[in-house]
Amino acid sequence: MNNKIKKLLEKDCVILDGGFGTELQKRGMKPGETSEIMNFVRPDDVEAIHRSYIEAGANIINANTFGANRLKLARTEYTTADVVKKALGIARKAAEGTDTLVALDIGPTGQLLEPAGTLAFEDAYDIFKEIIEAGRDLADLVMIETMTDLYEIKAALLAAKENCDLPVFTFMSFEKNGRTFTGTLPSAAALTLTGLGSDAIGVNCSLAPDELYGIVGEIMRYTDLPVMVKANAGLPDPATGAYSVSAEQYVSDCIKYTEMGVQVYGGCCGTTPEYIAGLREMLKAHTPVLRGKRGNVSSVCSYSRTVDITCPKIIGERINPTGKKLFKEALKNNDINYILNQALEQVSAGADILDVNVGLPEIDEKEMMVRVVKALQGITDLPLQIDSTKPDVIEAALRVYNGKAIVNSVNGEEAVMERILPIVKKYGAAVVGLTLDENGIPPKAEQRVEIAERIAKKAESYGIPRSDVFIDCLTLTVSTEQKAVYETLRAVRTVKEKLGLHTVLGVSNISFGLPTRELINSTFLSMAMECGLDLPIINPNITAMSGAVFAYRVLAAHDENAAEFIERYGQSDAAKKPTVPKAEVTLAYAIEKGLDKDAEALTKQKLEAGADSMDIINNELIPALDRAGDDFGKNKIFLPQLILSANAAQACFGAIKAAMAGQTQISKGKIVLATVKGDIHDIGKNIVKTLLENYGYTVIDLGKDVPEQKVVDAAIEHDVKLVGLSALMTTTLGAMEQTIKLLRESGHDCKVVVGGAVLTQDYADAIGADCYAKDAKDTVDFAKKILG
Amino acid sequence: MDVKKEALRYLGYRGHEPDAGTAELLERGYSELKASVSPHSCVKLISKADADALLIGADIEKHLADSQRVIFFAATLGSGADRVIRTAEIRNMAYALVLDALASAMTEEYCDSLEQQLKEQYGGHFTWRFSPGYGDYPIEVQPDIIRFLNAEKLIGLTVTESNILIPRKSVTAVIGISEHEQSKGVRGCATCNMRENCAFRRDGQTCRE
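So the protein lines, in turn, are chains A and B. Numbering of the first sequence is given in the working numbering, commencing with residue -8 and proceeding in unit increments. Numbering of the second sequence is given in the working numbering, commencing with residue 45 and proceeding in unit increments.
Note that these hints are calculated values from the structure, not bench results. No false leads were mixed into what you were given.
In silico BS3-like cross-links for lysine-lysine, where the CA-CA straight-line distance does not exceed 30 Å:
id : chain 1 : residue 1 : chain 2 : residue 2
1  : A       : K627      : B       : K49
2  : A       : K316      : A       : K661
3  : A       : K(-3)     : A       : K449
4  : B       : K49       : A       : K765
5  : A       : K588      : B       : K49
6  : A       : K768      : B       : K49
7  : B       : K163      : B       : K49
8  : A       : K573      : A       : K625
9  : B       : K197      : A       : K21
10 : A       : K712      : A       : K695
11 : B       : K92       : A       : K17
12 : A       : K701      : A       : K365
13 : A       : K167      : B       : K88
14 : A       : K(-3)     : A       : K247
Predicted, not measured: the structure shown is a model, and the values here were computed from it.
With the rest of the complex left out, here is chain B (with noise of 0.2 Å):
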């Protein structure tokens, strides 16, 4: 993934040229950024029988369908990135947008990272990433998801009362594993951890052209 370009869609540009002001925040902010994340992870496997108390909802229901284990994992660029962001908000509102899209960006492109090493530890055949908050999964699950993988202790994570996961770019999925390839369905707006800070669905649109 390029993580330049994907922060870009999330700001709206759909496959238009950054400005030379926007061009200058993006590249700062990307080597800002990496300079002080600190990206971590837990994981855990086990049977989808086992994991029944977790899978709330039709919805993860019909995409772990064809799954019998299940993957559990929290990601997390660690307060690092929160701080940064949280600095610029006081000096320069664009620049503190633009990263956060950049560390949003950032967030996928290590659970991408992540998928893949799981692909190669695990093997068969995975579902995409599947989020509390997406369709009917309810994200009063965090709280049980956190417990679960130990992600207090393991990586730092931790999750509010009104259940926001923080540090702030974070993310928790499920994935599916099963023997045999299976239908992997359409990911729309409604199963994309950017739906709620999306510059598209505002104006009634999405990203894809």
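Isolated chain A, as found in the complex (with noise of 0.2 Å):
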């Protein structure tokens, strides 16, 4: 950190500004106008308020270039670099002659990131990227500010890590729910921007100071870093514009900030340089208390979901491709939705965490760590454990990854060490370390306890705390070392009770080659919480695995009252029965009526009894869904139940497939799908996937806001025959007939079906299409006229 802010921060408290654009405004700046183009028409203006602080106090004064990014600039006739080093080149005067700092100001792009919104993390980084590279040379420190989403922030504090070597000061805005608009909590900013090297971590804008002390307690208890406030002077009255907070109140609530050890303070919308005067005469009289430290508490979390590992906190294992026919037939298929329909059962049967291994030699293991983990970061919110050997992909995976992950694993091994520490803190990450070097597996806890105490003091060298080091002890398997069990639990013992860190293991391992391996496995895996497990990776998707840890929570008095065991298994009984379908239930009736259970009890009955499996899809199967189909066509069942009933043949076909992996693929055909360049609503063409794959299609399918030459692409590397697209909106019909010409050109032989709300078959004959589909059940149509 430059040696200025260190100094600064030195002090007891900080002093920012205050509200920038409501200054202008009162100066003659209209609602709607872009605040950076008044570093060009009205600079004096600009230059006035920077002064009107300084005098008011302001250690540090914030540049005019909140908004100068490319997104919002387009509309302007100015580039980044323009306004950037305009608004410095203003502020820099203004504080001459001061000892005043002088920020560089970044604020959100506009647009919301990926998943919930268009704007890709890569994209979002080199917008961030190219506004520090314009000011770096002009400013004394960074602030980003008024952010609401942690992926955003997180790509520009990178950017900013990456291209500077400026302190960076992160400040994000929170609601009265306690998280911001996109659902970030307080504790994952808090958590995550520490680990990632903000040099102080803030609230602004939003709300007034009264209603954040609750939000700022709890970035508290998440860092030990300097925190900051700049809350908004109340809400503006919707006729005069005048802010409901006066200084005189501003001021007198911020007291209660220096009894909490709140060291950096300014003002946001509405607050003016009388408040930010006001801070500074009560900072004479109230210094801001000492905070105490963290302390050995580790937690992780993803942007919306913290998990404090204060009792046993299950690590889901099953996003591994290991042993499973299944899960590698997905991995090279590029079926994302199978590994995220793994995450998803996971997810229910209450894991805490989800380890991602998606390493297979067959495929590019670093590009599906990215994908894998973007798309598992679109649903669900529990944090993820990074889980691969090469540190290409833990840094690539780390990179994406929107909050605190784990990574797994490093060892004693020194190399192990140097190179993928170095990455873990970079990104602010955890760590598995686990007890074995180049010498193998040491038989005997000691020596286990030795490397554990050696990747600590390592992870400390390179500036990660202890607690962020997760021991593995190792599990060996029972049948072959029996008394090796004793050494794992006496190792965890010691590593938890003596070097105070935490522990993790992997449980399954150890029934190997034993029957009931359950019951192996759960008694072991309570032994070890019994020692000290904080992280048992387990496959929770077994009752009496994850009922294992939820048993021992409630046992050691963690989960008070049994609260979340009886949420969890007080009404079970019903659902826990296994699926025998009534005598009257065929698998024919059982798909017509959407009976997903149903329908693969009975598949699965009949494949015992030898039934070709070819036979079940062609004269049950299919048959059914084409009922389903006529009656939809007839207005008899509506949209849900032919859905419900392509579930019910999904549930079928998944248990044919699973009795055939590896063996023949089943598919009549290959389809791509797309949602054309420009369009995002893709619920109409996931209900079209469904269907198809439920009539035995393989759908390859692109997603949405999909470029044009990605669809000729994908058609000439699959050699599909049909090709669906989908426009719900008339601005994006032209992206369609974008596609279809390309397509056209490249002489690929295929037809192509078109579909979507604002289609008729007029518009679908005028662009080239072949088909017009109404709806899903056409498209199911045309795809046997084509394909068979």
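Combine both chains into one complex, guided by the hints.
See the structure below:
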């Protein structure tokens, strides 16, 4: 950190400036006008505002660069570099001859990032990088503020850390419900931004000072960094624009922050130099207290869920291809949905953290890891554990992860630690340390404890706190090394009690080669937890395993009043009964009525009785789906029912696939589906996909907002005979036409079916489609005609 | 508004009772969404003359012919609704579809309650809500409305380059206020929020029996 800032933060408190946009409006800027333009059309006013804050006592002022990103400037005649340089020049001039420092101020891009929005993380990074490159030589520090998306502020912070040496202060804006608009928690913000190397963390905008105590307190519980508060002066009156909290009130509400230990004070919308001068006077009388340190607590998080490792927490192990034929096939076929299903199943089974391993020799592990991490964080808020031995894979995953992850793993080997620990440190993750080294797994507990300490020391030398090192004392198989079990357990206890480190353990290996493995596994798990195991890596879908953890939490008095336990098991008798279809339920009936569990059970029965899987598909599954389709066409049933039938068919298919895994593919042909460029309505396309898959077609789903050329490339690469395109907006029909045009020009021989609410037969004809499908059923009919 | 009934209407059940499976999805979806949405809105009231730059096309002009003042508002269920639907699409498309319809109905219900509140606050006679994309009111005006309302900062509502609102379950709309009763005209498909996602239009029908 540069010296001036370091010195500043050594002081008891630091004062920032106050509202800027609201001050500009007082000087004649109209609502809706771009405040960054004022650097050019009203430079004197901008400078005067800076001066007024310096005179009020601000130690740091923000240059007028808040919205100077290329997306927001697109409708102006200025570039990012123009605005940033000009604004910093004005601020520098205003600060001339004073001790006041000048910050490059960075606000949100104005677009939401994936998966909520359409802006890619990498693109957001580039946008912020451009701002930082333009301003790094003119600013004393970088101030990133008013962010509501942890992913976006991560992109900005990474861009700052990687492209300049300036200190970085980061602020997020929270709502009354204690979260940001995108659902980010204060704890998650504190953990993630601390890990990524922010120099101070704060809240700004959105609320008044007296509405932020709880949120600020929560941030303090999760970071040892200086904490900052820049609140709004309440809310503006819709008619007069006057803000509701006076300077006097604002300052007196901030006294409580000095008692909490907030070190940095300023103001946001509606605050004026009067507020800042008031803060200065108040802080002369009230020195902020020194806060206590976080201590040996560890937490990991996604943007919207924080897991404190204060009692045994389950790491779900199912996202891993080792020994799983179907998973391997899914990886080879880019079937992300299969992997997401594995995640969701573990979520409902009670996992707290998900291990993610997608290593397979035949695939590009790095690319797959990034895709899977991005997809997973779109559908679950469980924190992730990145499981790979390759540094580049780990780094790529941590980079796009929206939270604080765990890295699995390093071991006591120097070279391994030197390769991986710097990455763990850079992205602020926690790390699993295996108690083995170049000489293998030591037999004795003492030797493993020694390696554990070596790993913790090494991690500390990189700046990773001991609390973020989770030691795996390694489970050996009881059938081959019966005495070793106690060595593992002794090591767990010593690492936990003597070294004060958190412990993690893969449990399932213990029972290899024995019958009723669950019995051995769950007993061992209970023994390990009693020895101090914090993070069992298990298959949570097995009730005996996750149940042992839930029961332990009750018995060890972590689960207060057994509330969670009762919620999970209180009324499970009915649900737990295995599905035994009633005698009158046939497979066809189950599919038509959308009874997915029955459909699956009946299919298994038939397969076990020796039925041919193609016979089941052609003679039962498809005719039943056809009947449901006919009823849908006649308005006898409606779309949800049609899809419920498709779901039941999918369950039937699932059973067949599971039985045939590794054998011949059962596919009636491949189809590429995409929602065209610019359009992000993809529920319709996904319905078509569900139906097509359940008629036995293999669907290559390119997703939504798909560039024209990507459709062409996929059609050629997979040599498909049918491409389905969806568009739901009149404004994106052009992209559909262009896609068809490029497909035709490529010379690839295939038919194109189009659908979407704004399409008509006439329009489909006009843009050269081969078929207009008014609904999912139409698409299936056309697919049958083309592919059989 | 009965949100569940309205959702059924969006799903094509014109007065038909839902089957047991769909009814169950509807109940489950309603409680899951209720727990996940975080409705926010922002409003500005200005004179029609001052709103000129945001009022483009013949249809909005006709709509506001008798109005002296104009309300612009934006309302969103927040990104929680999108997340719930996105997750459902992985496991159960039927559920996702039902959630989507429910969330659309909830957005309408929220707008209704907001409009009621504004009526009490501002008085006068209101036109119905007119949104970009209705008739010849171009969708391209969406970014300008978002900026005018400061909706990104106030309620976390953004707009993509192809003028789609994100979070998805969001609405921007214009309401005219006049001193005296005005003819409301008939609302048809051209001025319905569901027009791009409607089970009836697909079959050349309408939702009105």
